[in-house]
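Residue strings, one per chain:
Protein chains: 2
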Amino acid sequence: MEKKVSLAVIKRLPRYYRFLGDLLDNGITRISSKDLSLKMNLTASQIRQDLNNFGCFGQQGYGYNVELLLNEIKEILGLNKTYNLVILGAGKIGQALLNYNKFEKRGFNFIGIFDIDKNIIGSELKGIKVQDINNLKAFSKENHIDIAVIAVPVANATDLYENVVSYGIKGIWNFSNTELKAKDGVIIENVHLTDSLMTLAYRLNSGEFVEE
Amino acid sequence: MEKKVSLAVIKRLPRYYRFLGDLLDNGITRISSKDLSLKMNLTASQIRQDLNNFGCFGQQGYGYNVELLLNEIKEILGLNKTYNLVILGAGKIGQALLNYNKFEKRGFNFIGIFDIDKNIIGSELKGIKVQDINNLKAFSKENHIDIAVIAVPVANATDLYENVVSYGIKGIWNFSNTELKAKDGVIIENVHLTDSLMTLAYRLNSGEFVEE
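In order, the protein sequence lines correspond to chains A and B. The numbering of the first sequence is my numbering, which starts it at 10 and goes up by one. The numbering of the second sequence is my numbering, which starts it at 10 and goes up by one.
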């Protein structure tokens with residue numbers, strides 16, 4: 010890709026992917042940017058602009074071919090590959106993620122789960138044995154890990170992150186309530202649940218229905 | 010507030026709140042927009058622009074008073090009040106949220122948890138008895154509920170959402186992997202974990218380090 014695409018646009022792509030997948034499941038094979046805009050609550054011009062970023066141009070009087078567009082977005086998002094993930098922290102969040110079967114459907118495979126708690130190490134969760142976090146270094150040498158899911162308490166998150174990066178893992182999905190320091194070549198995606206809840210509180214208070 | 014503030018700005022406020030809280034905890038009582046920008050990885054002009062939206066102006070040569078700014082944002086976000094939440098779905102996600110103690114610190118109190126599974130109804134989670142989802146209507150008459158957390162499988166989410174809204178609950182924190190139809194007077198905040206993971210995959214593939 011030659012030009013940088015803003016994160017705001019990228020963050021909308023999975024949503025396009027979801028909507029287009031639903032359309033195709035319902036036998037809809039083509040759609041105008043106007044109809045898509047009504048469904049997605051975006052303006053038609055916003056949709057055209059977003060998709061133009063990736064060279065997807067609808068045809069005048071025809072609109073978009075849903076399947077082609079879906080495949081295009083799939084490729085852009087890198088969902089034509091599979092990814093190996095490890096979960097660090099076998100608590101409620103870690104277990105919830107492990108049990109969420111949508112991820113595997115999209116090519117995200119959990120290959121390991123790690124914890125520091127001796128009471129849980131050795132037990133099996135969804136067919137995967139919980140390992141001691143001290144095994145992660147050796148495990149990362151034997152297995153290619155694309156993404157580490159950080160699902161430990163905030164107090165342990167930063168040190169763990171430093172270790173994970175030193176093992177050569179490039180993707181971080183961060184559920185700890187802290188911001189991890191950006192490093193060259195490492196991609197961090199944060200899920201700040203408290204921020205999301207605070208945003209909801211704000212919108213409840215202000216009665217504002219602004220949308221992205 | 011007289012003018013509409015974009016959701017993008019609102020979504021940054023909790024992050025400001027977190028950073029400023031950390032500063033204050035570390036005894037830092039004032040900060041320039043430049044120093045704040047370095048910490049937060051935003052431009053100084055972005056910060057000034059964001060905060061100007063809410064009438065927070067730093068003083069030339071002094072910067073921002075951290076405590077005043079923190080209190081201002083707290084009030085804007087509505088965190089000087091408390092909120093009553095119910096969790097709908099006592100599975101892993103529901104339990105993870107119930108166990109996350111940061112929420113109570115911010116004034117978000119879980120007052121009920123509901124499920125359809127007879128095996129879990131009646132058991133106690135963190136001191137709260139799991140109720141039959143059919144009790145929600147009566148419960149919502151006896152208790153003021155600000156926010157319903159939808160943590161049920163996608164197949165049940167839409168019907169449940171319709172019920173919740175008919176009971177007069179105005180805030181929806183949606184963890185089901187579907188988009189709920191916007192309704193007048195109802196605020197929906199979505200946590201789409203699959204979208205977040207797909208965004209991470211995209212960024213890993215493209216090697217892009219764009220930030221919002």
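Calculated directly from the structure, the hints in this document are not laboratory data. Some hints here could point you the wrong way.
If several chains are the same, the list does not tell them apart, and a pair holds so long as it fits within one copy or across any two.
[Claimed, not checked] Heads up, simulated DSBU-like pairs for lysine-lysine below, C-alpha to C-alpha not over 30 Å straight-line:
(1) LYS48 <-> LYS138
(2) LYS135 <-> LYS48
(3) LYS83 <-> LYS127
(4) LYS43 <-> LYS138
(5) LYS150 <-> LYS48
(6) LYS48 <-> LYS192
(7) LYS135 <-> LYS192
(8) LYS101 <-> LYS43
(9) LYS43 <-> LYS190
(10) LYS127 <-> LYS179
(11) LYS179 <-> LYS48
(12) LYS192 <-> LYS90
(13) LYS127 <-> LYS20
(14) LYS190 <-> LYS150
(15) LYS43 <-> LYS192
(16) LYS192 <-> LYS146
(17) LYS135 <-> LYS43
(18) LYS127 <-> LYS90
Since the structure is predicted, the reported quantities are computational estimates derived from the model, not experimental observations.
Each hint tested on the structure:
no.	hint	verdict
1	LYS48 <-> LYS138	neither (43 Å within a copy, 39 Å between copies)
2	LYS135 <-> LYS48	neither (36 Å within a copy, 40 Å between copies)
3	LYS83 <-> LYS127	neither (41 Å within a copy, 40 Å between copies)
4	LYS43 <-> LYS138	neither (49 Å within a copy, 48 Å between copies)
5	LYS150 <-> LYS48	neither (46 Å within a copy, 34 Å between copies)
6	LYS48 <-> LYS192	between (38 Å within a copy, 14 Å between copies)
7	LYS135 <-> LYS192	neither (33 Å within a copy, 38 Å between copies)
8	LYS101 <-> LYS43	neither (42 Å within a copy, 39 Å between copies)
9	LYS43 <-> LYS190	between (41 Å within a copy, 18 Å between copies)
10	LYS127 <-> LYS179	within (28 Å within a copy, 43 Å between copies)
11	LYS179 <-> LYS48	between (35 Å within a copy, 22 Å between copies)
12	LYS192 <-> LYS90	within (24 Å within a copy, 38 Å between copies)
13	LYS127 <-> LYS20	neither (38 Å within a copy, 39 Å between copies)
14	LYS190 <-> LYS150	within (24 Å within a copy, 46 Å between copies)
15	LYS43 <-> LYS192	between (41 Å within a copy, 21 Å between copies)
16	LYS192 <-> LYS146	within (19 Å within a copy, 49 Å between copies)
17	LYS135 <-> LYS43	neither (43 Å within a copy, 48 Å between copies)
18	LYS127 <-> LYS90	neither (35 Å within a copy, 40 Å between copies)
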